[in-house]
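Q: The chain contents come next:
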Amino acid sequence: MNKSYQFYGGVHPAQQKLARKSAIAVAPLFPFYTVPLSMHIGAPAKPIVKIGDKVLRGQMIAEAGGFVSAPVHSPTSGTIKDIKPCLGVTGVKTPCFIIESDGEDKEYERMKPFSDWQEADPKKILSRIAEAGVVGMGGAAFPTAVKLSPPPGKKIDTLILNGIECEPCLTDDHRLMLEKAKEILIGIQISARILGVKTIILGIEKNKPDAVEVMTEQAKDLPITVFPLNVRYPQGAEKQLIFALTKRKVPTGGLPMDVGCVVQNVASAFAVYNAVYKGIPLYERVTTITGTPLVSPGNWHLRIGTSFADAIRLAGGVKEDPAKIISGGPMMGFSVYSLEIPITKNSSGILLMSPSEITQFQSKSCIHCGRCNDVCPMQLMPGILSTQIENECFDLSENWNVLNCLDCGCCSYICPAGRPLVQHMRRAKAEIMAKRKEAKKDTPKGKASK
Amino acid sequence: MFTPILILTAIGLFIAFAVAIIVRYFGMPEDPLKQQITDLMPGANCGGCGFAGCGAYATAMAEGKAKPGKCPSMNSENAAKIAELLGVTVEKSEPMVAIVCCSGDDNTASRNAFYNGVNNCRDAMQIDAGTKSCSYGCLGLGSCANACPFHAIEMTPQHLAVVHPELCTGCGKCVDTCPKNIIKLVPRSAKIHVFCSSPLRGAEKRKVCKSGCIGCQKCKKAAEEGQIEMNGSLAVINYENPPAAEIASQCPTHVLRSNETTPKKSKEETNE
Amino acid sequence: MTPEKTQKNSNSEERTIRMPDTSHLIVSSSPHFHAETDIRRIMLTVIIALLPACAAGVYYFGWRALWVLLVCSASCISFEAIFSCFMKRPSELDDASALVTGLLLGMNLPSSTPLGVCIFGSLVAIGIGKMIYGGIGSNPFNPALVGRVAMLIAFPKVMTTWPIPHGAATSSAITGATPLMVLGSLQHAAQSGQAGALQTLGEHVSYMNLYLGNIGGSLGETCIPALLIGGIFLIYMNIIRWQIPVFYILTVFCITGLAYMISPAYFAAPTFHIMSGGLMLGAFFMATDMVTTPVSRTGAIIFAVGCGVITGSIRLWGSYPEGVSFSILIMNAFTPLIDRYTAGEPFGAPKDKKRGLQF
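Residue numbers (this note's numbering), protein chains in the order written: chain H, 1 to 450; chain S, 451 to 722; chain P, 723 to 1081.
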């Protein structure tokens, strides 16, 4: 169990982890919070408070809107000023609570902590995790409670704790592992107990030797294996991480549970700890605010709903005007144009890029060098796909497996012709999905249910 | 010297004979009617008829599976000829023309950010849902102009798509291409149109675009009852009963206007 | 727009915080980082890798060789400029690919080639080999080889007159012929009954001269050490795939070796074959041209083996002494096909189920 496996492809972008040394600071209270109703994959949450209601910190303000959904809690005490569509990271307006803080930050009656989680009923713990609104905080924001309750028949034997943080620039998971190692390990053990899993593997990239050391020290007496891995992007992607640690291949279109694995991010494990061990719902997360234009990049405990403007003010503002503001890391993050966008449950970072750091878009013709082919972790042929998509042959690209694309950005990163491969793939995926939706609508109900 | 010539000639004759026999006895008979109809088709393969192309539509007509008159690009003379060939009366369809319902070019409408990516509206929609501040605004990257089989759409230097009605045949390709759904097919007989698609409140629109419909209802009052309806702050023309062209002078933002354009420059120039 | 805003921090100390100006932000698709390698850098690396072989050519064949190289390069660049102007395409001169084509074309010519013929070759290489398909990235055949083959067909006399290298040992019995031509004539002699004719091959062409390039041939193809330095540099810089030269040369070695084992009286040793002619130049610099070779590594191996088989066959049984140019051009034509059939399964695809690729 000391051997790691090399997944196919991958790249080595510059690390630029500016905030790796700065400890996680607690953010002050801000006057306004914009809390989106939909911060997770699945149905949006349903509001259970009205405009004008007084809410307290940690009070549930929207309940889960379905099985795959998560409730939303108020980040502070104050008044619900409005429920209106506000801008999100993808540029689409989604309904949000506007909460005006009253400055007192009074806490709502806390849920009963399970200090005896080792003995408690796993079902009760699971419903607590659902109630606390815990979602996957690494990126996709899949509700954790759903992830931890695999359908009967799926045997889970390995729980993987994802401490890879392969995105350049971001340091939030790194700092969290350094400062909250014990809590993270309790959190993952709670998850393991719910799943009934004996094997827990923690994957950390070797560029965080201090985190490896701390975690190894803390996990000494626990049934947890700490596994330092060689640095390679996108090692933090679920499928690649499972392969690197267990050599199991998640089938195309399948989920990690199909190969008996569940992957949990360290931030989610910390949120599980908070929800179960302390009874605190998820209304706060660690976010890296970084980039060369910032005066003092760092990591903060930010309440959900903090606007980008407030977050950047925390980091001391800017030295020079940035050319790009990115929500997330540089490889997969979304570039945004407004500072009103709020921090959500899956905002792992805000990255500012100065004009000298960005590259001008250029799309020369593909020279068939095959580099994209070599780096694609899903073993697709991005260059050929991109040419097909440029000519709008979406059916053809579907046959060439464009739907397996992760959006990891390795191909665009490496392309010497500067081709916008990721944008092409995204377009193709969007067009194919739209077409499928249409086809579903057209077919009679009996057929569609098949 | 003569042997190879003789051999080659013999081979040629033999193959010609073989081909003749195969065509005569095994060939598929070509429908002369289909050929005649195909010759009368415009040949643009625009797909406006709902078939895969001109050939497919011609085949369907020849086989009696489709009626003439569905082709938006065909002139009435050819349509009558085809109807005569098929021995049916041509269904008179209202000739349509496409309009881009947006007036916000770079001078009047604002953008949220500079877009740096693939030069195609549908690709641009993947990034922050397009960068135009007005979510009903023309992105100005020219996907419709590229999709138009008749080169009837011109991109102005200020990045706004403009349809030249004299070139447009109403095939509807641009309507399917536009990711913002702001291109509409309207009857050619209608004289004036509302070049805005945003039903948002006038004040909100005014913030992001100086040339949107502000919902002042002046046109509605000037027109006859039922000719212009309001959808939120957007005047909507009832094309069943289009208003007179003079109403356009009432519009303070000049968003209600004729779709006539200055004739398109030569193809060479506009393709630059 | 008020980028300057004041805010009280916890110590109630007044401090100006400059907020970013959001009116000039750029939005684009992820990723926001890019590797530094671009087409220009790749092409410049190839040019650097070609320089030792060029220098060796000039050393052996004199200043006349330099003239050929210069004229080919200059005319390729000019033709590219002229064609992109005519075709109303943005000029792609800055990526230096025309210079690579020019250099490669020059290296494939005898140093005595008239300069007018060089210009004709450049016109064919850039015009018919590259620009009519739509410029870099769209050409199915290696432009330099298209130019060379056109010249070979149009001016056969010029293209098969090989000047003697400067320092060529005068003992060489057949001067002004390439080793492969020597081999051809000796093979002919052996077949027409002169037993042991091939044994004299070593007398005509010494292995040392063959290795160092002190023999007749195209100006850039003779000096093996210079070509190896350039090729290994390219592999080290990760510009070319090592699979192509290795498998190409290995296949030629195996095929000629097999023939030699069966009847050494009629065929030359495989070591002679891999060191003579344009094989080294072709394997390292022509068969590795990115645009015209398969994208996947498996595809590259198939491509290289195919080149090797064709080269070997032409050399052993063909009437033409050299087969590298033709073999690469023929395999170039197969590249799209190889690409389609080597499109791998995506990560995690079920092994038992064959994916039906549609084309």
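Keep in mind the hints are simulated off the structure, nothing from the lab. There may be inaccurate statements among the hints.
Stated by the list, open to error - Below are the SDA-like pairs computed for lysine to any residue, each with C-alpha atoms no more than 25 Å apart in a straight line:
| # | chain 1 | residue 1 | chain 2 | residue 2 |
| --- | --- | --- | --- | --- |
| 1 | H | Lys429 | P | Thr1064 |
| 2 | S | Lys634 | H | Glu431 |
| 3 | S | Lys670 | S | Ala653 |
| 4 | H | Lys440 | S | Asp555 |
| 5 | P | Lys810 | S | Lys670 |
Q: Of the numbered hints stated previously, which ones are contradicted by the structure, given in increasing order?
A: 4, 5
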